[in-house]
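Visitor: Model the full assembly from the supplied sequences, consistent with the hints where possible.
Listed in order, the protein sequences are those of chains A and B.
Those letters in the first sequence? Residues 398 to 1187, by our numbering.
Those letters in the second sequence? Residues 820 to 1010, by our numbering.
Calculated directly from the structure, the hints in this document are not laboratory data.
Note that the structure is a prediction, hence the values are computed from the model and not measured.
Each hint can be trusted.
If you want the ones that stay clear, here's a sample from chain A, every Cβ over 12 Å from chain B, calculated:
1. Leu1036
2. Gln1089
3. Lys1133
Reference listing, derived: stretches of chain B covered by chain A, where coverage requires no fewer than 3 residues with Cβ under 8 Å from a Cβ of chain A:
4. 945-951
5. 959-971
If you want the ones that stay clear, here's a sample from chain A, every Cβ over 12 Å from chain B, calculated:
6. Lys467
7. Met505
8. Pro516
9. His535
10. Gln567
11. Trp665
12. Asn852
13. Lys950
14. Asn983
15. Thr987
16. Leu1104
Glycine is no exception: its CB is placed at the ideal position from the N, C-alpha and C atoms.
Below are the chains, spelled out letter by letter.
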Amino acid sequence: MGSNAAENHPISFKWVTEAMKQGAKLISVDPRFTRTSSKADFFTALRSGTDIAFLGGMIKYIIENNKYFKEYLTDYTNAAFILTDKFDFKDGLFSGYDPKARKYDKSMWEFERDEKGIPMKDSTLQNPRCVFQLLKKHFSRYDLDKVEQVTGTPKEDLLKVYEMYSATGQRGKAGTIMYAMGWTQHTVGVQNIRAMSIIQLLLGNMGVAGGGVNALRGESNVQGSTDHCILYHIWPGYLKNPTASQESLSDYNAKCTPKANDPLSANWWGNYPKYSVSLLKSFFGDKATKENDFGYSWLPKLDDGESYSWLDIFDEMYKGKFQGLFAWGMNPAGSSANANKARKALGTLDWLVNVNIFDNETGSFWKGPGMDPKKIKTEVFMLPCAVSVEKEGSVTNSGRWMQWRYKAADSPGDARPDGDIMTDLFKKVRYLYRHDKDAIFPEPILNLKWDYTTNGEFDSHKMAKEINGYFLKDVTINGKSFKKGDLVPSFAFLQSDGSTSSANWLYCNSYTNKGNMAARRKRETSGIGLNLEWAWCWPVNRRIIYNRASVDKYGNPWDTEHPVIKWNGTKWVGDVPDGGWPPMLNTDGTLNHKSKYPFIMKPEGYASVFGPGRADGPFPEHYEPLECPVEKNLFSSQLINPTAAIYNTDMDAYRTCDCRYPFVCSTYRVSEHWQSGVMTRWQPWLVEAQPQLFVEMSPELAELTGLKNGEKVIVESARGEVEAVALVTRRFRPFKIHGTVVHQIGLPWHFGWVHPKDGGDAANLLTPSTGDPNTRIPESKAFMANVRKI
Amino acid sequence: MKINRRQFFKFSVGTAAGVMALGLGMDLKPVKSYAQTLKIRYAKESTTICPYCGVGCGIIVHTSKGASGKVINTEGDPDHPINEGALCSKGAALSQLVNNENRLKTPLYRKPYSHAWQHVSWDWALYKIALNIKKSRDASFTAKNSKGQLVNRTNGIAHIGSAALDNEECWPLQAMMRALGLVYIEHQARI
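Guide: What follows is the structure, encoded as C-alpha cells:
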C-alpha cells in the first residue's frame, strides 16, 4: 500500500520476488492495478485518501479476532499504559481541540504516573483506561460495512487482506510494508503511517527480520539529506532547530532532553547535550567556546509554533516576502504542489539561483507558458553542476546504508561539483563581510568552520571525517585514551564539554581511525542479508533498528530460523544490538536490573501504540481529503483533518463535491522517469520509452465522458490544467462510495514544458497546496479533477 | 576455488584468458569474453551508487584511459548485495545522463526583464550572487522578533535542495545557509 515498488523501486522488488519464491505472500492495495499488483498474490483497490479507514478496519479485525501477539504487545509497546481521564475522543475530535487555532492541546493526552513518575500499566490489558482498550474502542467503529462504503473496497476483499496479513502475528512470522508517497502525500499522511505502525506493533513485526515499516525513498540521498537536516525544523542528526524562547544553550538542551524516571529505560535522547555541543563544535570550531555558549546565539532561531516549510515558503514568496531563493538541485516549478502558484511566486523574487544539470522549468520560468519576460524582474543564475560520477562522496539509501561513490570522470565544460560551487560562493560572501566594517552580525559567517578543501578543491574525505567527529584534546573516557585529532570511534564517546566535535552524531562511527567505513565492500556469505561489512549503516552500523524487540525477554529470537540477534549467555551475536545490555530476564525468570527496554529512543522505552506527540491526535482517525467526492465523513462530523495545513491566497482554490471537478485524481510515477523529469527527460532512451504525459481512466469513465483511448484531452482542477493523452484501461475501475459510483483518474507527474516538446506539462499544476499538519507534505495523492475533450 | 564472474575476468586478464576459462570449467562465449577484457584493458573501473531512487544499487563505471577521459560504459555491479548486477531502466541508462549534449556547461545569467540567457564566468556569477546575498540579508536581517526575543535570522532569503547531493555536500550546504541566518531551509524530503 502507498507504493508501487515494481515500477518505482524496481530493484527493491527483486527481493520481494525472491521472498515469494520462498513462500511469502504479496498483497497489493492501490487505487489502480499497478505493475506491483500484477505480481501480487492478492490485489484489491481502494479510493485514494481512505487508507486509514482500510487499516482501521484491520486494527479492529486483529483485536476482535485475537490475532495480536500479546507477549510482544504487552512487553514492548505502550499498550498496557493507563491514560488520565483527560484523554477523550468524541465525534472525530480528540480532547483538547481549539477550533480557532485549529490545534490540539497535547497535555490532554498524558499517561497516569506513579509517585516516581513512571507510567502506570495494566499488563492484563483489561483496564478500560489502558491504551489497548482505548484503541479497541476507537476502532470498534471501523466495521466492514462502513469501511467498504468509504474505501470502495468490497467487504470480501477487506476480509481477505485482513486475514492474510494478520497471520503474521504468530510468533516467528513476519510481515512488512513498503510504502512511499502514496501514504505521505495526504493531509493525513503521518496518520496513514501511524495506522500501519500500530498494526505492526499489534502483530509483533517491528525490529524483526522481514518486518518493519519501510519508507521507499525516492532520491538516492533523501535519507542522507534528511539526516543532515536541510530542513527548517531540525539540525543535523534530528536535533531540534532552536526556537526564540530557548534563549541560551542550557535552555535549549533542557527543553530538548527528555527525562525518564524508570531506571530500565535507556532514554537515549538523554544524551542530547553531547550531540548538540559536538555539533556546535563542528559548526564553529575553535570559535565555539564554553564562554560564548559554543556559538549558540549565532545560529538563527524559529518563532515558537511557527512553520517555515516548503508550502510556507511558496505561500510567503507568492505574497512577495522574499528577495532571494536558492533552488539547488531542485525544480519547484514542476515538483511543487499547485505549481502555478510556485511559478508565479518565482516572479516576485529579486534573484533566483538554480543549480542543476539541465535546463528546467524553474531556471527558465520567466519564459514559460503564460509568462511575459518583459514584466518579470527576477535576476536568474543557472549554474551547471557535476553528475554523481564526476565527484567523490557518499549517499545513504532507504535502509540507512551510507555508501561511498568514486569519481569516474571530469565534468563537461565549466560544470562543477556542488561542493566546489558552495565553497567558492561562501568564500566570496565571507570576503564581502570581512571587508565591510559596518557589516550586520558577521560573526556566524566569519566564524563558520570551513576547512574542507585540498589544493583549493572541495575534499569530501575531510568533510566525511568532520561529520564523524574528532577528539579536540587528549582525553580518557571509560578507561580508553584518545589523542587530540583522533576520530571519535562512536557516539558513545561524544561529550558535552566541547572536547569532541561531530557534525552529525548519527554518523559518528562512519569514518574512524580504521578508515572510511562507507567504502567497505565485503559481502555476507551466510545469514539473513545484514551485510555488516558492506558499506556502513547508521546508527553504529546497526542494520535493523529496535532489534532487541526481535527476541523474547530471555534474548531468544522469536524467529529461530531468521535471528537478527541472539543472547549467547554472555553477549549478543548477530546484528549490532540496540545497546549491549543483557536480556530483560535472567535465566531463572527474575528481572535483570542491568537490562533496558528495547525501544531505546522512546523516553519510556516502549513503542508507541498511543502516540501523544502528533499534531492531529494520538490515534489515527479517518478524515476525507481536503478535496473529496463526498459531503459527509461516515465516521464523524469532521469532514477533513481538523488540523490540516490550509493556505488562503487567491491561488489556493479547494473544491469538494463540485460538479466541475467530479473525479478523484492522483499523481504517480513511471519507471523511466524520475521526479520532475529534469534528469530523465533529456535522455533519448528514456524519452523514447515514455515520451509524454498520459491520463489513465477506466473504460466506464471513457464511455461516460465520450473520450477515446489515444486522444489528447484536458485534465483540469480548481488550480490548473494540463494536456495529456487519454489512456483507457481496466487498471482503473469505478468505485462504489456511499452507495454511488465514483470514478478515479491518475497521471504521472514527470513532465514539463521545457523538454521534450509536446511532452506535456507538470501534473503538479493540478495538485493542491494543502498539507499534513505534522509534516506539511502536500496532498498530491488525493484531489478532485475533471477530464474532457480539448 | 570459488570465484565469481567479475573476479574471474580480472584474474584471467593477467593470465591466459582462453586457457583459464577452460581450466575453470566455465562456459564462456569467446566473443563476450573478448569484449569484457577490452573494458578492463583500455578503461579504468570505478564503482558508484545509482543517482536515482533510494534503493542504492551499485553500478560499475568504465572510464577511458585515453585522452578523452570520458565515461564509456556503465553497468550494474554484480558484486553489489542490493542489485547483484540488475538495474532498472533509468539506472541502466546512466551513461546517457553523463554523456549528454544537452547538459549545462557554463553558468547562465538572465538580467531582469530580459528575454534571453547570457553566458557568464563562474567568478562573475558567484561574485554577483554573493553581492545579492549580502544585500538581501542586510535588508531583511532580524535580530529580535516581535516579542523582543533574540532570533538573529534572515527572513528575506529561502533555500530548497537537495536530496541529490552527497552527504558531504548536504552538511556544509545547510551550515552555510544557517550561518547566513536562513530559517526557510527545505528540500525534497518535504514534498
